[in-house]
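The hints should help you fit chain B onto chain A, whose structure is shown.
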Amino acid sequence: MKCQKVRKRLPGFLDHQVSKRVSEKVTYHLETCQFCREEAEALSLLSALLREERESVKAVPYFWNTLEQRIIQAEANRNALDAILEWVNRTLIPVGATVVIVIGLFVGARLGGTVYTRIAQILNPDNSSLVLQEIDQSLNLNILNDFPQESIGEIYIGLLAENNLPK
Amino acid sequence: MDESELIHRYIQGDRSAFRQLVEKYQDQVLNISYRFLRNKEEAEEAAQEVFLKVYLSTNSYQHKTKFSTWLFRIAVNYCINKLREKRKLPSSQLEEDLPAPVEFQPDRLLEQENLNRAVREAIDSLPEQQRAAILLSQYGEFSYQEMAQMLDCSISAVESRLFRAKENLRKILTPFLKKDEI
Chain A
1 MKCQKVRKRL PGFLDHQVSK RVSEKVTYHL ETCQFCREEA EALSLLSALL REERESVKAV
61 PYFWNTLEQR IIQAEANRNA LDAILEWVNR TLIPVGATVV IVIGLFVGAR LGGTVYTRIA
121 QILNPDNSSL VLQEIDQSLN LNILNDFPQE SIGEIYIGLL AENNLPK
Chain B
1 MDESELIHRY IQGDRSAFRQ LVEKYQDQVL NISYRFLRNK EEAEEAAQEV FLKVYLSTNS
61 YQHKTKFSTW LFRIAVNYCI NKLREKRKLP SSQLEEDLPA PVEFQPDRLL EQENLNRAVR
121 EAIDSLPEQQ RAAILLSQYG EFSYQEMAQM LDCSISAVES RLFRAKENLR KILTPFLKKD
181 EI
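Protein sequence lines correspond, in order, to chains A and B. Just so we're aligned, residue 1 is where the first sequence starts under our numbering, counting upward by one. Just so we're aligned, residue 1 is where the second sequence starts under our numbering, counting upward by one.
So that you can see chain A by itself, here it is in the shape it has in the complex:
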């Protein structure tokens, strides 16, 4: 095992967190390499230094009491939220859906009524002019009509005719 690899495995080796195979390889390398041995020693000193700074704290005697109050409060909040969500699911959504459907039906009926009335008028044999009017509007045939009387378009066409100019 090369020095670079050994150095990377040293923390795990010193913490007894490497496999037996790796441990044997590192041990063998340390027996033959002074540089890595010194590295291992330095890391051991560092670990000892870190262990010396072991200021610890203890929980206060009323730790659980305070926590329990928080739990009770959190559960109360969760129950309130659950109640609101249930009310929304049971009441608001069905009512909202019903309103949307009713509006949809109403609008649909109005639109359908208008179209139906128009179709009925067109299909009425007494309303043949309405049929022609509907065709004109649908196919935009009114652009082929003559200009209205005394309109600028009619005057212009008249002038062209008088001067024998192409229309």
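Fair warning: there could be bad hints in the mix.
Claimed, not checked - DSBU-like cross-link-like pairs, simulated, lysine-lysine; straight-line CA separation at most 30 Å:
no., chain 1, residue 1, chain 2, residue 2
1, B, Lys82, A, Lys58
2, A, Lys2, B, Lys24
3, A, Lys8, B, Lys171
4, A, Lys58, B, Lys24
5, A, Lys25, B, Lys171
6, B, Lys88, B, Lys24
It is worth saying that the hints were derived from the structure and are not from the lab.
Just chain B now, kept in the frame of chain A:
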């Protein structure tokens, strides 16, 4: 009652079982939080929040991991997030948490205090991931596998972070790394 029974009852919503789990792990959670946050009041608050989250998150606990591993993972994540929030604060607010500087005097007790302070500051100066790894390794005494689960990374990542953390600490603490001072 053994721990697995307590955990089973806690998941069913038994608060007294949960209380026993809290009393078993409260000091460890508190100390991990204190190592990260360096403030006793904040550590207490963090420990409370962690246990509250654990109590309300029974659906998140997967039985394939140890309860303690899952608990400390929540604690570590909470503390890391808290540190990130603190970093966003203006520096005047952060200074209130720093202890007053100790003047170095050639006295054995103060020397030890200086050493401890130097070690704490050195650890605090590490990048977040390295700091978490070193704190769990040195003060939590967890296996690398447990640490990997807590830190949500691979075992080789844990080794790598510890390696870099110790390299950095050695550079900072070189004046203190003399055999006769240990």
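task: Of all the hints given earlier, name the ones this structure violates by number, lowest first.
output: 2 and 6
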